[in-house]
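**Student:** The task is simple: from the sequences and hints, build the whole structure.
There are 2 protein chains.
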Amino acid sequence: MIRKYHLDEAEMPRQWYNLAADLPTPMQPPLTGDGKPISPDMLAPVFPMNLIEQEVSQQRWIQIPEEVRDILLRWRPTPLRRAVDLEKYLQTPARIYFKDESVSPPGSHKPNTAVPQAWYNKQFGIKRLTTETGAGQWGCALAFACTLIGLECKVFMVRISFDQKPLRKLMMKVWGADCIASPSSETEAGRKILAEYPDTPGSLGIAISEAVEAAVCDSSGQTRYSLGSVLNHVLLHQTVIGQEAQRQLQLAGEKRPDIVVGCAGGGSNFAGLAFPFTLDKINGADIRIIPVEPSACPTMTKAPFVYDFGDTAGMTPLLPMFSLGHSFVPAPIHAGGLRYHGIAPMISQAIVEGLLEPRAIDQVRCYQSAMTWARTEGSICAPETSHAIACVIEEALRAKEEGKEKVILFCYSGHGLMDLTGYDKFLSGQLSEIGFSDEEMQRNLKPLEHLPKPAANKTGKW
Amino acid sequence: MIRKYHLDEAEMPRQWYNLAADLPTPMQPPLTGDGKPISPDMLAPVFPMNLIEQEVSQQRWIQIPEEVRDILLRWRPTPLRRAVDLEKYLQTPARIYFKDESVSPPGSHKPNTAVPQAWYNKQFGIKRLTTETGAGQWGCALAFACTLIGLECKVFMVRISFDQKPLRKLMMKVWGADCIASPSSETEAGRKILAEYPDTPGSLGIAISEAVEAAVCDSSGQTRYSLGSVLNHVLLHQTVIGQEAQRQLQLAGEKRPDIVVGCAGGGSNFAGLAFPFTLDKINGADIRIIPVEPSACPTMTKAPFVYDFGDTAGMTPLLPMFSLGHSFVPAPIHAGGLRYHGIAPMISQAIVEGLLEPRAIDQVRCYQSAMTWARTEGSICAPETSHAIACVIEEALRAKEEGKEKVILFCYSGHGLMDLTGYDKFLSGQLSEIGFSDEEMQRNLKPLEHLPKPAANKTGKW
Numbered sequence: 005m006i007r008k009y010h011l012d013e014a015e016m017p018r019q020w021y022n023l024a025a026d027l028p029t030p031m032q033p034p035l036t037g038d039g040k041p042i043s044p045d046m047l048a049p050v051f052p053m054n055l056i057e058q059e060v061s062q063q064r065w066i067q068i069p070e071e072v073r074d075i076l077l078r079w080r081p082t083p084l085r086r087a088v089d090l091e092k093y094l095q096t097p098a099r100i101y102f103k104d105e106s107v108s109p110p111g112s113h114k115p116n117t118a119v120p121q122a123w124y125n126k127q128f129g130i131k132r133l134t135t136e137t138g139a140g141q142w143g144c145a146l147a148f149a150c151t152l153i154g155l156e157c158k159v160f161m162v163r164i165s166f167d168q169k170p171l172r173k174l175m176m177k178v179w180g181a182d183c184i185a186s187p188s189s190e191t192e193a194g195r196k197i198l199a200e201y202p203d204t205p206g207s208l209g210i211a212i213s214e215a216v217e218a219a220v221c222d223s224s225g226q227t228r229y230s231l232g233s234v235l236n237h238v239l240l241h242q243t244v245i246g247q248e249a250q251r252q253l254q255l256a257g258e259k260r261p262d263i264v265v266g267c268a269g270g271g272s273n274f275a276g277l278a279f280p281f282t283l284d285k286i287n288g289a290d291i292r293i294i295p296v297e298p299s300a301c302p303t304m305t306k307a308p309f310v311y312d313f314g315d316t317a318g319m320t321p322l323l324p325m326f327s328l329g330h331s332f333v334p335a336p337i338h339a340g341g342l343r344y345h346g347i348a349p350m351i352s353q354a355i356v357e358g359l360l361e362p363r364a365i366d367q368v369r370c371y372q373s374a375m376t377w378a379r380t381e382g383s384i385c386a387p388e389t390s391h392a393i394a395c396v397i398e399e400a401l402r403a404k405e406e407g408k409e410k411v412i413l414f415c416y417s418g419h420g421l422m423d424l425t426g427y428d429k430f431l432s433g434q435l436s437e438i439g440f441s442d443e444e445m446q447r448n449l450k451p452l453e454h455l456p457k458p459a460a461n462k463t464g465k466w
Numbered sequence: 005m006i007r008k009y010h011l012d013e014a015e016m017p018r019q020w021y022n023l024a025a026d027l028p029t030p031m032q033p034p035l036t037g038d039g040k041p042i043s044p045d046m047l048a049p050v051f052p053m054n055l056i057e058q059e060v061s062q063q064r065w066i067q068i069p070e071e072v073r074d075i076l077l078r079w080r081p082t083p084l085r086r087a088v089d090l091e092k093y094l095q096t097p098a099r100i101y102f103k104d105e106s107v108s109p110p111g112s113h114k115p116n117t118a119v120p121q122a123w124y125n126k127q128f129g130i131k132r133l134t135t136e137t138g139a140g141q142w143g144c145a146l147a148f149a150c151t152l153i154g155l156e157c158k159v160f161m162v163r164i165s166f167d168q169k170p171l172r173k174l175m176m177k178v179w180g181a182d183c184i185a186s187p188s189s190e191t192e193a194g195r196k197i198l199a200e201y202p203d204t205p206g207s208l209g210i211a212i213s214e215a216v217e218a219a220v221c222d223s224s225g226q227t228r229y230s231l232g233s234v235l236n237h238v239l240l241h242q243t244v245i246g247q248e249a250q251r252q253l254q255l256a257g258e259k260r261p262d263i264v265v266g267c268a269g270g271g272s273n274f275a276g277l278a279f280p281f282t283l284d285k286i287n288g289a290d291i292r293i294i295p296v297e298p299s300a301c302p303t304m305t306k307a308p309f310v311y312d313f314g315d316t317a318g319m320t321p322l323l324p325m326f327s328l329g330h331s332f333v334p335a336p337i338h339a340g341g342l343r344y345h346g347i348a349p350m351i352s353q354a355i356v357e358g359l360l361e362p363r364a365i366d367q368v369r370c371y372q373s374a375m376t377w378a379r380t381e382g383s384i385c386a387p388e389t390s391h392a393i394a395c396v397i398e399e400a401l402r403a404k405e406e407g408k409e410k411v412i413l414f415c416y417s418g419h420g421l422m423d424l425t426g427y428d429k430f431l432s433g434q435l436s437e438i439g440f441s442d443e444e445m446q447r448n449l450k451p452l453e454h455l456p457k458p459a460a461n462k463t464g465k466w
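Respectively, the protein sequence lines represent chains U and B.
To get the working numbering, take the position in the first sequence, counting from 1, and add 4.
To get the working numbering, take the position in the second sequence, counting from 1, and add 4.
It is worth saying that the hints were derived from the structure and are not from the lab.
Note that the structure is predicted; figures quoted are calculated from it, not measured.
One or more hints might be untrue.
Each pair may be met inside one copy or between any two copies, as identical chains are not told apart.
Said to hold, decoys possible - With a cut-off of at most 25 Å between alpha-carbon atoms, the simulated PhoX-like pairs for lysine-lysine come out as follows:
hint, residue 1, residue 2
1, Lys429, Lys169
2, Lys92, Lys131
3, Lys177, Lys429
4, Lys92, Lys126
5, Lys462, Lys40
6, Lys92, Lys177
**Tutor:** Below, the structure is given as structure tokens:
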């Protein structure tokens with residue numbers, strides 16, 4: 005039984021796929037805080053113009069620059085693998101394939117966008133990037149990309165992670181990035197918080213504020229900010245994943261998947277795998293496409309489609325997305341990459357169109373699934389990735405009940421070697437199910453009431 | 005420029021290569037403490053008979069059981085990669101290839117032997133394996149193999165590593181192994197040490213004693229001991245590395261390498277890559293083969309060829325090898341896998357025959373080389389692997405001086421994601437060069453003086 009499907013380097017995609025070109029209803033534009041459409045110029049202090057153009061592009065296929073492709077080829081095309089041993093263990097007639105994005109040097113899908121973002125900034129004459137990072141996966145990817153491309157990199161890392169996860173910080177150091185705990189005394193936003201709450205553990209919202217401020221307030225004009233998920237251009241860069249998977253499934257003799265699964269926090273690894281298949285679905289293919297989120301942060305399955313800020317402090321434009329409210333602080337589950345109050349606008353629109361079937365799964369079942377994976381397939385997945393695996397196991401068992409030979413494809417977004425403390429807590433019985441109360445949601449959504457509402461889709465649905 | 009050469013699963017080797025069949029002078033046998041040859045029966049309480057047969061085999065090619073092959077196929081064949089960006093950075097005419105053994109789930113070459121060892125034990129009716137581990141690389145690999153094959157696994161981990169490297173311990177836990185700090189109160193050897201030195205940080209020698217005792221004293225007779233390097237059968241299992249590399253170099257259009265490099269502690273990753281090429285050299289090919297060790301533990305470059313114990317406590321048979329003396333405690337360099345007083349007998353004999361050119365390199369230069377690697381090739385190597393990279397950089401620069409298009413091949417034995425504290429110390433200027441004094445060697449070799457001496461090779465050389 006063949007377990008791995010490789011593509012030659014020549015077969016790595018030469019274009020990114022932009023789902024915006026094919027959505028039945030055009031996406032709503034981002035707005036300023038007082039409800040006016042954002043113009044590209046207004047984003048210029050934050051991002052370079054070449055990336056802003058990608059952010060607003062309606063073009064279906066966008067060429068990958070040769071130099072970017074050349075760097076991605078260090079680890080791409082990534083293998084498509086078949087989870088033969090999980091299939092055997094579950095005694096399922098389903099055939100389970102996974103796209104292994106854990107093989108990049110930083111260990112996740114994140115460098116697929118870190119590399120082009122760094123490259124476009126370099127082309128635009130930028131010398132330094134700032135970003136925030138929670139658990140550290142994204143900070144590592146951007147540090148990696150910047151060292152290869154020759155940019156300085158400054159990472160504001162949420163203080164509690166900075167203290168608890170020293171290894172990620174060290175990875176960034178090896179790749180030459182300057183990683184500091186947030187809140188810091190280097191920004192106005194940070195100093196303000198520190199004065200008021202000297203012992204704060206920090207938050208992603210604060211770190212974003214600091215990173216944006218550090219970029220826009222650099223008087224040299226040579227610093228910009230970089231974001232690792234949510235935005236259109238970030239999702240775009242990830243679509244190499246799904247395009248490769250399409251070719252590799254053909255190598256495996258499969259016409260197409262019946263079910264496509266990915267975990268979704270901001271949504272970039274999910275979109276990267278799923279969007280090329282979403283186009284197939286728009287064109288009539290019978291595919292179920294499932295983004296999976298934690299029960300503790302049920303953005304796609306419980307929250308309304310609204311205009312909301314991307315950050316806690318309200319410094320970003322208003323984005324049309326499913327949101328639990330920008331002041332919502334998700335419970336401290338170990339899947340740090342899935343603790344986000346919103347979800348990418350492009351994924352939100354695809355949900356509104358009925359193209360995706362979001363699902364929420366509790367962390368305890370996710371860790372049980374991760375353990376089943378580790379003891380059958382043999383590798384240790386990231387806590388985020390365990391959400392995809394939990395859903396795949398559900399679907400494989402359903403295929404068994406139904407006696408159907410379904411083809412299930414999922415994104416193995418990252419390894420869990422830097423996240424072993426979560427496993428330890430699970431194995432020691434210290435983790436419990438974390439739900440979500442409707443009252444809490446109502447409380448967090450209140451501050452959104454004065455904001456404009458995004459329009460419905462063509463069929464009047466949202 | 006192509007960077008990766010993959011083999012199909014069907015092309016994974018079906019046999020292991022046994023250099024013992026081709027050494028110009030037959031290897032010396034292991035001896036008992038009082039100088040008599042060890043018979044296979046005497047090893048039976050420690051190892052299963054099927055592995056003992058491999059240990060003493062003179063057969064050139066040994067079939068890999070299909071079930072073992074099937075498990076190795078989870079990550080094998082591993083990619084052969086070309087270090088294009090390091091070449092560019094060094095401006096060398098050399099072409100540098102590396103066999104990437106870091107892609108296994110435990111992150112190193114170790115599971116290449118952990119899997120067959122667990123499988124042969126299972127075949128022999130064994131229920132449980134014991135082993136020791138220093139930094140934890142080997143303990144993780146055996147835990148991984150045992151969970152896939154269905155054996156219990158008990159790992160005695162040197163206490164200082166147990167306390168300082170919690171992540172490796174957690175990996176073993178995820179794979180279901182029981183990992184305890186050594187010295188422990190579970191063995192006579194451990195209790196004795198604890199009574200005398202309650203605060204001891206432990207040592208590999210003590211941990212070996214405990215693991216062997218736990219195996220041979222289990223009255224059920226269903227427990228055996230497993231070793232991750234040094235022995236003939238361990239090196240044998242690693243030869244899939246070099247055989248795959250031979251085929252992949254052909255894919256890359258290279259006739260053969262001019263230089264083959266690997267780091268060597270006990271010697272297994274080096275032997276795995278180098279032995280198939282050593283056969284080519286015996287048959288007349290012009291290849292330089294270089295095992296690299298730390299200057300702080302210069303077994304191959306400074307020590308004599310003697311009979312010595314494999315462990316500190318003197319519980320193992322006497323092995324014919326280059327040794328700094330079994331009581332030698334190497335300096336606490338970060339490349340824990342290279343802190344061994346001896347080197348595999350089969351490598352020792354190949355050195356005596358003049359087939360290998362050992363080299364010692366200091367840890368500071370190794371970390372400098374690892375940083376060059378991380379910032380050109382982009383990945384973070386294990387501290388052990390950095391010794392191979394330092395040698396490769398020396399040879400690539402020599403090729404540049406000589407203006408020669410040499411083909412250099414090395415073993416990228418493991419990633420360094422669990423070993424980042426060494427990088428941190430290096431980057432903070434806390435590491436210094438560690439030499440080795442001849443006086444110290446004399447002192448450590450004294451206890452060997454009464455032991456038999458191994459015979460010279462055919463040409464009278466050693």
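**Student:** Each of the hints needs a verdict: does it hold here or not?
**Tutor:** Results of checking the hints against the structure:
In this assembly of identical chains, Lys429 and Lys169 lie within 25 Å of each other by CA distance both inside one copy and across copies; the values are 15 Å within and 17 Å between. Taking the closest pair of Cα atoms, Lys92 and Lys131 come within 25 Å of each other only across two copies (23 Å); inside a single copy the shortest separation is 52 Å, beyond that limit. In this assembly of identical chains, the alpha carbons of Lys177 and Lys429 lie at most 25 Å apart only when taken from different copies (11 Å versus 28 Å within one copy). When the C-alpha separation of Lys92 and Lys126 is checked against a cutoff of 25 Å, the pair qualifies only between copies, where the shortest distance is 20 Å, while the shortest distance within a copy is 48 Å.
In this assembly of identical chains, the alpha carbons of Lys462 and Lys40 lie at most 25 Å apart only when taken from the same copy (22 Å versus 89 Å across copies). In this homomeric assembly, Lys92 and Lys177 come within 25 Å of each other (Cα to Cα) only across copies, at 23 Å, whereas the closest approach inside a single copy is 42 Å.
Every hint, counting from the list given before, is met by this structure.
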